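S.K.: Protein chains in written order, with my numbering: chain C, 1 to 387; chain X, 1 to 168; chain Z, 1 to 341; chain D, 1 to 146.
Don't take each hint at face value.
What the hints assert, rightly or not - As a list, the in silico BS3-like pairs of lysine-lysine whose alpha-carbon atoms are at most 27 angstroms apart:
#1 C:K206 to D:K11
#2 D:K120 to D:K27
#3 D:K73 to D:K29
#4 Z:K316 to C:K194
#5 C:K53 to C:K82
#6 D:K14 to D:K58
#7 X:K162 to C:K171
#8 D:K20 to C:K247
#9 C:K178 to C:K274
#10 C:K25 to C:K47
#11 X:K90 to C:K263
#12 X:K136 to X:K63
#13 C:K314 to C:K295
#14 D:K20 to D:K34
#15 C:K47 to D:K146
#16 X:K32 to C:K171
#17 C:K82 to D:K29
#18 X:K32 to C:K194
#19 D:K73 to C:K263
#20 C:K82 to D:K121
#21 X:K89 to D:K120
#22 C:K25 to D:K20
Said to hold, decoys possible - Here are the computed distance ranges between Cβ atoms for each label pair:
#23 C:H23 to Z:D87: 25 to 33 angstroms
#24 Z:T320 to C:H23: 35 to 43 angstroms
#25 C:Y9 to X:D64: 58 to 66 angstroms
Claimed, not checked - Where chain X lies over chain Z, by a calculated footprint (3+ residues, C-beta under 8 angstroms):
#26 37-51
#27 85-98
Derived from the structure by calculation, the hints contain no laboratory data.
None of the values given here were measured: they were computed from a predicted structure.
C-beta: ideal position from N, C-alpha, C; glycine also.
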Amino acid sequence: MSERILELYIGPQHPGSGHMRFHIKVDGDIIVEAQPNIGYVHRAVEKIAETKKYIQIIPLVERPSLADTANPNLCYILALEKLLGVEPPERASYLRVLLAEMNRIHSHFYGIGILGIMLGSSTAFMWGFADREILIDLCQLLTGARITYSYIIPGGVRRDMPKSFVERALKALRYIEKRLKDYDNLFIENPVTKARLEGVGVLKKKDAIRLGVVGPNLRASGVRYDVRKNTPYCVYDKLDFDMVVLKEGDSYARLRARVLEIKESIKIIRQILKEIPEGPILAENYYKMIPPKWKDYYSSTGILKFPAIFARLKPSPGEAVARVEGGRGEFFFYVISDGTDKPYRLRMVSPSYRNVILFSHLLKGHRIADIPAIYGSLDYFPPGADR
Amino acid sequence: MLQPTHYIPTGGGMGVISAVEGHVRALLTGLKYLVTKPRITILYPEQAEELPQGYRGMPVYHKDKCISCSLCANICPANAMKMVKIGKKKYPSINYNRCIFCGFCVDICPAGALEYSPVHDYASYNLEELEFSPEKFAEGPPEPPFKPEILRIETDEEVGLKYVHPKS
Amino acid sequence: MSVSELIRWIVSLLLKPYVFAPIFFPGIATAFILILLLIWLERKIAAKVQLRYGPLYVSKRFGGILQLVADLLRYLFQEPIIPKNADKIVFILGPILLFGTAYIPTALIPVSGSFVPFRSEVSLLVVIALLSISPLFDLVIGWASNNKFSLIGGLREGYIIVSYEIPLFISTIAIAMLYGTLDLVEIAGQNKWGVLLNPIAALVFLIVTYMSTARFPFEIAEAESEIVMGPYTEYSGILYGLTMGASYVKMYVLSLLFTILFLGGWNPVFWPFTLHPILPGLIMLAKALVVMVIGIFLRAVYPRYRIDHALSIGWKLLLTLSFLAVCYSLLITYLQVVVWV
Amino acid sequence: MQEIAERLKAKGLKVGEDLKIVVPASKIKEEARKVRDVGYDHVKSVTGIDYPHDGVFKIIYHVSSYSDRQLSKSILTIEVEISRDNPQIPSLIDIWPSVKYLEAETSELFGIEFQGNSLKKVMLPEDFEGFPLRRDFKIPVEGIEK
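If we strip away everything but chain C, and leave its shape as in the complex, we get (with noise of 0.2 angstroms):
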């Protein structure tokens, strides 16, 4: 029997698989047993994190997760204020918002693109990577950066939005509302794709709780988790959008449901868009540090620049948990500070490493041809993974 058995090793260079391997027995096309192999990209965060000091952590837990950098940011600065014991004034937590869902929208089109590019449709990736450059542009005009923003900095962020910003952010997004028709109907409901997608992989709602999964992932299984509705933090609590909660479980669901996301996304950035209200961006106890001269330039530039003290942030000993709903699902981050200008330890569980465990659950009898629509249905980054 066990000549029938054939072990394939699908990656770490495989176009089918990103940055990791698996190990597949195959019987004939089905898949027999399915064990994923990580830590390619693995780049010891957690230990880096302990000679960095606090702000200068900000890059390095944008890193891993590089298709949505603002949570991951958010996330760890949210941690490290309650150990400060800093409040963002009221708009600085709105730009963060804006950041977060504008980063959650170009983050679904760029898995949007990887699963067209896994199922072979080449216009489906190449349009969500252009469509991405959109929002990153919006992105890019709001902090500075494309990809690695470093936007939010204890107690607020570091910039204002220019004037010309909401006129261009809201062209922008009737442009991505029409795209998202096209999108239908040429790669989502495409009957080739639906054939591809629909009943594969398909993850009933008590094996979704069970294994822990997080994001799309899971409220396409039919469970109403979303920490932004659940614990709502920043301003989410005052902006009005639903959760995308859908109950089939299968690719295809996980894929519809990631543009359904973009859609309540939208919404919500047209109401911050709306109800943004003006005032400082930083919290008082820093922005009286920073000298006049460069208040005048805050006020004439909108650039914030850093007060001294951001050189050498000593929080109180202690520790802080939070946890924030990124584009792939849910980051949670545990900080321990022993009062010294470095972290004691620094815990971060990305999204993607809270589904690796999916993936021998679900491979299992599905065909070869499976593996990348399920792998690309999961959204699954695996730098985000490894960390």
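Mind docking chains X, Z and D on chain C? Use the hints.
M.R.: Positioned in the frame of chain C, the structure of chains X, Z and D alone reads:
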């Protein structure tokens, strides 16, 4: 558990109709994009994007304004900024290999000696060349070998990104 | 035999149909140029649908058309690596035979009334039979490169070949019934639009052309996101170039056949012009090009089917449709309805 | 927070004000089972912390719930201390399957042995010696002088 192969949705007659209709819609959308929609990409490096004011590119250093407080070296997350002793005072030297354009040094410099520059695509033949001493750092990033045609991006509802020649 | 007579003899030999056709016109030379044009067009069309430029920098004024010549040169001068434990002779012969046998059917395809390399009463059946030789070498390639992915790719190709060949035969029989003959020259001579005669057979034949040459929804054997390059994983250099070209040659041959059977061959050309083969040949080539452009446009629209989808389409959908086509043409011939053009 | 604390106390769990339970390593399994019966159905993170001066590893389980709406708003912390020289602790994989990869990473980077969790190698290359996240595993740190 091998799931059923339902390439033709089993919704009876209706299923076949919706499948054919799906095919036709996909093909027509493809045709629409083939014929009507303009391209969104520009021919980099002949054409380049006009970067917004405050774009975080390679930091630029003005040695005269520097008060050598070494805050920039303290805050640099990538250990790219190192203080070099010249005479009695210490001045920052930068290693552009490591610089991640995060702009922390520019934002913390109390004397305004560091500024953002829109240069982000500078390349060199070896790694040592990218380690700038304070004097070379003060000269600012070198000019690119050729002048690309600068285009300004305008967000547009119909085509997403529209590239126009900057009038101002 | 002075030199001039020798030259004159060679030229007359070259102009003989059974030499000129396979080498020049519908044969290797045009197919070669057509392949380069087709691959370039495919990348340009896919690029335009995807809002980008596609190949450009080689001969920028013509939109990068020489890019494909550059690719060909690269394949020519690239060193074809032969894996140590691959079956060497079969490994090298596989792509050569794959590419070579894909051409053979052009030996029977007429270009105009008088210009046909080989003529026989059953030339349609011969062409169909010759068509099924070349895919077998995919299996051979899959086995020879001694790599798990190519083995799976080769087996997949095997499954797909079997699933589309029967509908191919039946649909050609269905349309041949309406022409009443199996000789391609007579079929083309009747100047009838086969598509109007039996649209079901035309649909089946079209789907089979896209299925047999792995056009987009059916690009399953060499699905790169699943099994790297399928049977061609271990190939590089000109051997890889041959395998890539083979599927385009097959599409060229099948679309020529499609034009003769369904698009009425060199239909609008009348008696005085059919004597000289150039004009009708070009018209037939233009129609074949239309069929091919539709085939390559699918790359920009479709993802990839799974192997069992393609097999279900082949065995269930196409088979029933081809039987339907046969009944439809039986109905027409039985009712002795005047066959309109 | 109060009702949650009451629900936990009803199950006989000594829970502090900030929803934290300190548990001796021997009784981790029963406490975990009790916590799961309250409604906490998945583990968000397993964190190992190295205290070389006290010769102790602390393992923190952050647990929360998807199915119970009220519990999903809270994160329960379970803290366990094990000795540093032979770090052994029973794995909770049969209580919370979601803990498989979280425990595997902590065990590989700290050298803690989770009995019952078959997955060992996750992050590091096969031939890597040493446990990186321990405090005595030094990595080079650069000053600000050239």
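S.K.: Hint by hint, say whether it matches the structure.
M.R.: Tested hints:
1. Using a Cα cut-off of 27 angstroms, the hinted pair K206 of chain C and K11 of chain D holds, with the two alpha carbons roughly 24 angstroms apart.
2. Note on K120 of chain D and K27 of chain D: the hinted pairing holds, with a Cα-Cα distance of about 23 angstroms set against a maximum of 27 angstroms.
3. With a CA separation close to 24 angstroms, the supplied pair K73 of chain D and K29 of chain D stays within the 27 angstroms bound.
4. For the proposed pair K316 of chain Z and K194 of chain C, the alpha carbon gap of about 19 angstroms is at most 27 angstroms, so the pair holds.
5. Restraint check: the Cα-Cα separation between K53 of chain C and K82 of chain C comes to about 17 angstroms, which is no more than 27 angstroms; the hinted pair holds.
6. For the hint linking K14 of chain D to K58 of chain D, the alpha-carbon distance of about 18 angstroms falls within 27 angstroms, and the restraint holds.
7. About 12 angstroms separates the Cα atoms of K162 of chain X and K171 of chain C, which keeps this hinted pair within 27 angstroms; it holds.
8. At most 27 angstroms may separate the alpha-carbon atoms for a hinted pair to count; K20 of chain D and K247 of chain C exceed this at roughly 34 angstroms.
9. At roughly 21 angstroms between alpha-carbon atoms, K178 of chain C and K274 of chain C fall within 27 angstroms of each other, so this suggested pair holds.
10. Between the alpha carbons of K25 of chain C and K47 of chain C the distance comes to roughly 35 angstroms, so the proposed pair goes past 27 angstroms and is violated.
11. Restraint check for K90 of chain X and K263 of chain C: the C-alpha separation of about 53 angstroms exceeds 27 angstroms, so the hint is violated.
12. Distance restraint check for K136 of chain X and K63 of chain X: the Cα-Cα separation of roughly 10 angstroms lies within the 27 angstroms cut-off, and the hinted pair is therefore satisfied.
13. Of the pairs offered as hints, the one joining K314 of chain C and K295 of chain C holds, with about 24 angstroms between alpha carbons and a cut-off of 27 angstroms not exceeded.
14. With a C-alpha separation of about 14 angstroms, the suggested pair K20 of chain D and K34 of chain D falls inside the 27 angstroms cut-off, and the hint holds.
15. For the hint linking K47 of chain C to K146 of chain D, the alpha-carbon distance of about 24 angstroms falls within 27 angstroms, and the restraint holds.
16. Among the hinted pairs, K32 of chain X with K171 of chain C is consistent with the structure: their alpha-carbon atoms are about 22 angstroms apart, no more than 27 angstroms.
17. A distance of roughly 31 angstroms separates the Cα atoms of K82 of chain C and K29 of chain D; the hinted pair therefore is violated under the 27 angstroms criterion.
18. Simply put, K32 of chain X and K194 of chain C have alpha-carbon atoms about 22 angstroms apart, close enough for the 27 angstroms limit, and the pair holds.
19. Restraint check: the Cα-Cα separation between K73 of chain D and K263 of chain C comes to about 25 angstroms, which is no more than 27 angstroms; the hinted pair holds.
20. Of the supplied pair hints, the one linking K82 of chain C and K121 of chain D is violated, its CA atoms being roughly 35 angstroms apart against a limit of 27 angstroms.
21. Proposed proximity of K89 of chain X and K120 of chain D is contradicted: the alpha carbons are some 53 angstroms apart, above 27 angstroms.
22. For the given pair, K25 of chain C sits about 43 angstroms from K20 of chain D by alpha-carbon distance, which is inconsistent with the 27 angstroms threshold.
23. The beta-carbon spacing between H23 of chain C and D87 of chain Z, approximately 27 angstroms, falls within the hinted interval of 25 to 33 angstroms.
24. Between T320 of chain Z and H23 of chain C the C-beta distance comes to about 41 angstroms, which sits within the given range of 35 to 43 angstroms.
25. Our hint of 58 to 66 angstroms for Y9 of chain C and D64 of chain X holds, since their Cβ atoms are close to 60 angstroms apart.
26. Proximity of the stretch 37-51 of chain Z to chain X, defined as three or more residues with a beta carbon under 8 angstroms from a beta carbon of that chain, is established by the 5 residues found.
27. Proximity of the stretch 85-98 of chain Z to chain X, defined as three or more residues with a beta carbon under 8 angstroms from a beta carbon of that chain, is not established by the 0 residues found.
Hint compliance for this structure: hints 8, 10, 11, 17, 20, 21, 22, 27 are not met, and every other hint is.
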